[in-house]
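**Student:** Residue numbers (my numbering), protein chains in the order written: chain G, 1 to 108; chain U, 1 to 119.
Calculated from the structure, these hints are not laboratory results.
Just so you know, not all the hints are guaranteed correct.
Computed beta-carbon distance windows for the label pairs [to be verified]: (1) U:ASP65 with G:GLY58: 40 to 50 Å; (2) U:GLU52 with G:TYR51: 39 to 49 Å; (3) U:ALA72 with G:GLU91: 28 to 38 Å; (4) G:ARG59 with U:SER15: 38 to 48 Å; (5) U:PHE39 with G:GLY58: 23 to 33 Å; (6) G:ASP7 with U:ALA72: 28 to 38 Å; (7) G:TYR51 with U:PHE28: 26 to 36 Å.
Which residues of chain U face chain G? A few of them, derived with a C-beta cut under 8 Å, are [stated by the list, open to error]: (8) TYR36; (9) GLN42; (10) LEU44; (11) LEU46; (12) THR107.
No residue lacks a Cβ here, since even glycine has one placed at the ideal position from N, Cα and C.
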Amino acid sequence: RKEVEQDPGPFNVPEGATVAFNCTYSNSASQSFFWYRQDCRKEPKLLMSVYSSGNEDGRFTAQLNRASQYISLLIRDSKLSDSATYLCVVEDTDKLIFGTGTRLQVFP
Amino acid sequence: GAVVSQHPSRVICKSGTSVKIECRSLDFQATTMFWYRQFPKQSLMLMATSNEGSKATYEQGVEKDKFLINHASLTLSTLTVTSAHPEDSSFYICSAEIWTSGGAGDTQYFGPGTRLTVL
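All chains, please: the whole structure from these sequences, using the hints.
**Tutor:** Laid out in structure tokens, this is it:
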């Protein structure tokens, strides 16, 4: 089983749609979780950390379910500029483990 | 599924020495590999893009003579930190790019990273 698994997509959604990405991780001892956004051939940029209580940043909401070892990212009111690859990242000890990413394409 | 490995996972060296980090795609061929450096608070910096059989393309501000990149084959890229200093201590991550069918396009698979500590 991969340490971090994501559906590669692509997710093709119209502007204004709500879209959700899921991610599962294998190490139950993992403590920190993140969503990164990566544009084509650019470095991944930290989008948001994921907290147990769930957290929201504007149109983005992240959720963590430790029991199911599952992380989600919800994007509301999708914009064209949201088109990118979204990487689920889990921190184990002192290293980051990246999922392969979910590609999102928002169309007009 | 595609797997990228890095070796070593952790290295401690004295100031002034050179350290080589290997990045391998284990079950696929990657014409392009990328090297990143992680900074505090989880941010990543793209250092260079490595293409098999050609010179690496370095990002602005990255010293190509200090961070030597060799992409000798479709499954191996190496990063050599020459004359390492304590400020080079960091977490170095590579990724390998593969074309994925089914509409996903280019996908980067990330290695587990290498922790470099320069004393």
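**Student:** Does each hint fit the structure? Answer for all of them.
**Tutor:** Each hint tested on the structure:
Distance hint check: the CB atoms of U:ASP65 and G:GLY58 are about 43 Å apart, consistent with the given range 40 to 50 Å. Between U:GLU52 and G:TYR51 the CB atoms are about 41 Å apart, so this pair conforms to the stated range of 39 to 49 Å. Remark: the range hint 28 to 38 Å for U:ALA72 to G:GLU91 is upheld by a beta-carbon distance near 31 Å. Range check, G:ARG59 to U:SER15: about 47 Å between beta-carbon atoms, so the 38 to 48 Å window is met.
In this structure the supplied range 23 to 33 Å holds for U:PHE39 paired with G:GLY58, their Cβ-Cβ distance being about 24 Å. As the Cβ distance of G:ASP7 to U:ALA72 is approximately 34 Å, the hint placing it in 28 to 38 Å holds. At roughly 35 Å, the beta-carbon separation of G:TYR51 and U:PHE28 lies within the given 26 to 36 Å, and the hint holds. At a threshold of 8 Å, the smallest CB-CB gap from U:TYR36 to chain G is about 6 Å, leaving the interface hint in force.
Using the Cβ-Cβ criterion of 8 Å, the hint placing U:GLN42 at the interface with chain G is satisfied: the shortest such distance is roughly 5 Å. Using the Cβ-Cβ criterion of 8 Å, the hint placing U:LEU44 at the interface with chain G is satisfied: the shortest such distance is roughly 5 Å. Checking U:LEU46 against chain G by beta carbon gives a least distance of about 4 Å; that is within 8 Å, so the hint holds. Of the supplied interface hints, the one on U:THR107 holds, with its beta-carbon coming within about 6 Å of a beta-carbon of chain G, less than 8 Å.
Violated hints: none; the structure is consistent with every hint.
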